[in-house]
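For the protein sequence lines, the chains are A and B, in the order given. If you want the working numbering, it's the position in the first sequence, counting the first as 1, plus 9. If you want the working numbering, it's the position in the second sequence, counting the first as 1, plus 9.
If you're looking for bench data, these hints aren't it; they were derived computationally from the structure. Hints should not be assumed to be uniformly reliable.
Pairs count within a copy or across copies, as identical chains cannot be separated in the list.
Taking lysine-lysine pairs in the DSS-like style, the calculated list, with each CA pair at most 30 Å apart, reads [to be verified]: (1) 603 x 375; (2) 603 x 117; (3) 40 x 520; (4) 66 x 603; (5) 409 x 211; (6) 668 x 47; (7) 117 x 47; (8) 574 x 369; (9) 574 x 603; (10) 560 x 658; (11) 409 x 668; (12) 574 x 211; (13) 298 x 658; (14) 40 x 307; (15) 668 x 574; (16) 560 x 674.
Remember, predicted model here, so these are calculated numbers, not experimental data.
Number of protein chains: 2
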Amino acid sequence: MQLATTTVYAIGLLTVILAFAYAGYLTLWVKKQKNENKTIERIAGLIRSGANAFMRKEYTLLAGFAGIMAVLIFLFLPKPVWQGGAERNLTMAIAYVAGTIFSAIAGKIGILVASLANARTAEAATHGIKPAFLIGFRGGAVMGLMVVGACLLGVMGVLLLTGNSSMLLGFSFGASSLALFAKAGGGIFTKTADVSADLAGKVELGIPEDDPRNPAVIADNVGDNVGDVAGMGADLFDSNIASMTAALVMAVSLDGGIVNGQFGSKVMMVIIYSALGLLSSLIGIFTAKIGDHGSPTKALNNSTYVTTGVFLALTALATLLFKDFSWRIWGASAVGLLVGVIIGLATNYFTDDNAPIVGKVAHASKTGPAFTILSGVSYGFMSVLPAMVGIAISAMVAYKLCEPIGPGYAMYGISMAAVGMLSIVGMIISNDAYGPIVDNARGLAEMGGLGEETIRVADELDSAGNTVKAVTKGFAIGAAGLTVISLLGAFMSEVNAHIEEINVGLAAAGKELMALINGFDIMNPTVFFGIIVGAAIPAVFSAMLILGVDKNAQRMISEIHRQFKEIPGLAEGRPGVEPEYNKCIDIATTGALKELIPAGLMAIVATLAVGFIGGVNAIGGFLLGNIISGLLLALFMSNAGGLWDNAKKYIEAGNEGGKGSDSHKAAVIGDTVGDPFKDTAGPSINTQITVVSLVASLVAFIFINLHIF
Amino acid sequence: MQLATTTVYAIGLLTVILAFAYAGYLTLWVKKQKNENKTIERIAGLIRSGANAFMRKEYTLLAGFAGIMAVLIFLFLPKPVWQGGAERNLTMAIAYVAGTIFSAIAGKIGILVASLANARTAEAATHGIKPAFLIGFRGGAVMGLMVVGACLLGVMGVLLLTGNSSMLLGFSFGASSLALFAKAGGGIFTKTADVSADLAGKVELGIPEDDPRNPAVIADNVGDNVGDVAGMGADLFDSNIASMTAALVMAVSLDGGIVNGQFGSKVMMVIIYSALGLLSSLIGIFTAKIGDHGSPTKALNNSTYVTTGVFLALTALATLLFKDFSWRIWGASAVGLLVGVIIGLATNYFTDDNAPIVGKVAHASKTGPAFTILSGVSYGFMSVLPAMVGIAISAMVAYKLCEPIGPGYAMYGISMAAVGMLSIVGMIISNDAYGPIVDNARGLAEMGGLGEETIRVADELDSAGNTVKAVTKGFAIGAAGLTVISLLGAFMSEVNAHIEEINVGLAAAGKELMALINGFDIMNPTVFFGIIVGAAIPAVFSAMLILGVDKNAQRMISEIHRQFKEIPGLAEGRPGVEPEYNKCIDIATTGALKELIPAGLMAIVATLAVGFIGGVNAIGGFLLGNIISGLLLALFMSNAGGLWDNAKKYIEAGNEGGKGSDSHKAAVIGDTVGDPFKDTAGPSINTQITVVSLVASLVAFIFINLHIF
């Protein structure tokens, strides 16, 4: 069967409408659930307004940032506007702004639903695990469906309106800008609040977690929403857009362009695969069920497996139906998906509390905190091996599978492996957003005094969230790895497109032509220079974010001390006395955004500096170095952080001395170190790599023309 | 002036004789110093015999290992022996064994003199800083002169006897094998003892550092000798040999071989530069002086600067005199040396207690140990930037400087930058070995009851050792970075030499020729596969070593507890009651060697696996990934460890609450985490990279013929 471009658009649009409709239905369903407890409603209201305050401030700042960026893009990208092409530059600037807006809306809606779902999940937990699970899960699913639907809609929109795949780089860069704010900023916010609440509350003052006397407790719950719901959503929105963009830039080049608005088969394949991925996630979400005494972990994992299976079947069917679709490319995306599962399982081995490693770290904690740290760092280092080998193998297999199709197909194959890994991103986001919702619900159950049994149910839901998070995080990092590899391919495509254009002019003037770039040789000193500098950037970026949390937490802890000293009756818990929650939220918000900007700028400035020193060759190396060390550090920090978190929980469950023992104190220190590792720096590195890769592609033309060596 | 090969040999040999003679004189001088305190002599004797016990066990194990390796080398390297060339393989095996023996002897002599010097330094400290400094420094200088002399002698010997630069790879591999045992094994030993002595002694039992009741205290002092003297010596012996080997392999290829035993000018240049480096170190050592109340830090740094200046002047003179020597190559090695100084200064900024960063980590410790760790990790991450940018720039400048000379010269230029950086290695080793000698002296002064004033003098000497260590460590890591880059060049040279040889056969058979390797393209999936896997190895290797220290320390702490429980009168310090020091030394020795072997094998097996999967392209990538992540982690761990150590000392000097405060406790935890970072894993990564690079070059022929992809 032959596919027409209009059919592709129709299929894509239909899936998006279906996803949005289902998300709308789920939102109404969640809203309809019981929400009658006054205390909970009041506290949930505080959390909601705190989250809104952060988002408002963040979006205001972002609007300014995006405005400046849009002007710069108009002036310089893809080519300086005074060299002609003002319309093209304007389109790029608009695509950029659109990228930020799409991502912002998807995040906003996710937060909205999550903050509706948390209170209702808490209340439903009084009736058992079954109803509570469903509310938590469906609240998260809205985010998943919205984000992926918005991705597909945005990408199709840009293609339809501009007919130029380079404009997708602008759109994707917009999404990355937002992700940088949302993920890194949200990450600093959430860990500032978490660390301060724990240190000042649990450790110093000896009051329980989620105690309403703690001034940081609302900020902590707000953090779950802005860091883990909105931030994670923006992050995966960004990864998903970036993987589609990389695939489409190469697809368009393989198809020989988008002629008269008609897609070639490669472009069609990317869009159809993405649409089928969204459909599969929808089906997976639909099938998520749990019995009266069922295991929420199993329910979450099962729907992930359903999504995976449906995606493989549907794409196989599509490949069977449409004669232009290649089985080799299907193979590449299947390999991506399967390796994603393997990486997830390996991550699980290192971080799950039923697996041996968590027990070892807990045991080491008996000798003191230094050994908690040393063993966690060590196993964190070890955990990078399976994931990196998995990424290496999937990239090589995808390449080798697609190489025989023809020149240029190999890198396209890798990008389709990334699209395959990210196909189930709707499901991943659902599972991920489920986590903070039930985490909040647990807090609300405690603060609302819903009783031991309800807290136990909420704890079970929460623990399931942590376990599946490890698996989905494996997917996210694996996919990011493949995506940035294909962004390297996209960068080379862009560079060569520019060189060909320049050569037309040179040929007309009878001058010597520029050579196309065939690759980046590590024995070339300019490439090598780029590699080494690029490798240092994720380390510096992580350091800046962690120090940001550190500084910000110091400020918040001082504020907590002040409140306990100055507000009469607060420490004793006199009825009616409440801490000034807003002060803590303010500190977290202002500090997070203040600490984030230098880190983001550092990465961008380093890219520009390397490009102006060594040109496109240095940038090719720079991207590679950035990817390698970024993957290494992101995996290390995410896994070590998860490991410490679960080692602490393992001890709290009564092992190695249990709660209050010296090993518990050591494990709490480990967990505090791990918090910014796993929730601030680790996951922000993905975004940093994407931003840097996109900047490189966007500024490619200027680097070709202007560099020292 | 034209140089003859015999003149080059004569200059080299004369320098070696001069160095050995001066070392002999210094040994006699040290021996002549007063050594009359009975207690000190008895304890020094215990340390000496403990060190000997470790060395004996280590060398026995190594002899077995080297024997097996020699047989394997004879069977397989450079080509399987059944394909002919038994004599060549035998020579390679002998060169390998010679490499281990040379390094072992140099290490043994260093330990011997160091363990003579420590007691005498302690005693001299009763008379002030001037005499004590001189004994400590001259004791260390013996090690420096012996190691560098042995390097030059060995390399010249191999060239003279075999006339084949490939045999240097075998010799260098022998040195690396020993370095792996000495550095990683010694590193595990020393940190096992240090951590256990501190934790069980200072923290749990509340007895002071170096208290003779502590059963681990002798093991701790033994550790300083076997880890920091012998291990560091073997490590720098290895780096120096490797840098000379890499330069010589490329030099021989540029010279068109060693024809009739006559060197070309490139080979001459490497040997002359190395000889002049040794001579400069000798002059630097000779000029080391200190006033009655002078600063030992200044004295150490001054002699480093003297060495640097003399080297630059002498090599410039040589370039002026000999018409075949190129100013561009002189420039490359000067750049290497200067960047080494810059890296050293940058390292100093991050770890020196007079610089701001140490104060910040100390301040963060006030909030608790989690913040000690988080801020140390962050600044550790940041500290990689200047060093990596320095290495990147020096490699690029050296390359660009030497590229115009002709094809192949650029990589040779990088190798000469490494030779330049390592030219002053004799001085570096002297400074480095000075550290543990005065550290031991401090312990002996305390255990021998020499009084407060003597301990203060010893402390001042010790602190100078720590400060200059940061600078010399910067040199060592920078040089290792450049060396492994040039080993990558050497690997490509070797591969192409094999391919040319294979092509002769193919041409004779009328078959299609194999293409030479021009470089390694990161867009080639096989190269990329290698890069990602290679990047994971240093992380896993470090993890295995740190866990080794961890496990081993657990064993030793149990033993300390047992002794305090079972030996009557030990805890109270009843006169005449002594702990069983030997039990602790045994545990450290056995454990260190047991934990080290899997880590070393893992790195070698991974290299072979990648080579058999992806052939020489994958190995090219593998080496790059290994270098990048190895540099990153080595810098991070060394600097973070040094930073924590000095933050603790800064607090102990009375800042941020001083000794015994909560911030001090937090800083001690940071220091314990940092110990295996900076003295076990961090510096062992250099050796791991060198081993892997040499294995790759040695097995290149087999990889060319046998691989899956």
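Practice problem: Up to 30 Å between alpha-carbons, please classify residue 574 paired with residue 603: within, between, both or neither. | Solution: Result: close within a single copy only, 28 Å intra versus 55 Å inter.
Problem - 30 Å Cα threshold - placement of residue 307 relative to residue 40 - result: Within one copy only: 26 Å inside, 73 Å across.
Could you place residue 574 and residue 211 in one of the four classes (within, between, both, neither) given a Cα distance threshold of 30 Å? Result: close within a single copy only, 17 Å intra versus 36 Å inter.
- Query: For residue 603 vs residue 375, is the C-alpha pair at or below 30 Å within one copy, between two copies, both, or neither?
  - Reply: For residue 603 and residue 375, only the inter-copy Cα distance (24 Å) is at most 30 Å; the intra-copy one is 39 Å.
**Request:** If the cutoff is 30 Å on CA atoms, where do residue 560 and residue 658 land: within, between, both or neither? Let me know, please.
**Result:** both (27 Å within a copy, 23 Å between copies)
Within a copy, between copies, both or neither: which one fits residue 66 and residue 603 at a CA-CA cutoff of 30 Å? Result: close within a single copy only, 12 Å intra versus 57 Å inter.
| Checking residue 668 and residue 574: alpha-carbon separation at most 30 Å within a copy, between copies, both or neither? | Classified as both; 28 Å inside a copy, 28 Å across copies.
Q) From the Cα coordinates, with 30 Å as the cut-off, is the pair residue 409 and residue 211 best called within, between, both, or neither? A) neither (54 Å within a copy, 59 Å between copies)
For residue 574 and residue 369, with the copy left unspecified, which applies at a CA distance of at most 30 Å: within, between, both, or neither? between (41 Å within a copy, 27 Å between copies)
>> Within a copy, between copies, both or neither: which one fits residue 560 and residue 674 at a CA-CA cutoff of 30 Å?
In response: both (23 Å within a copy, 21 Å between copies)
Checking an output row: residue 603 and residue 117, CA cutoff 30 Å. Within, between, both or neither? Intra 21 Å, inter 56 Å, cutoff 30 Å: intra-copy only.
query: 30 Å Cα cut-off: does residue 40 pair with residue 520 within a copy, between copies, both or neither?
result: neither (68 Å within a copy, 76 Å between copies)
In terms of the numbered hints stated before, the structure departs from hints 3, 5, 6 and 11, listed from lowest to highest.
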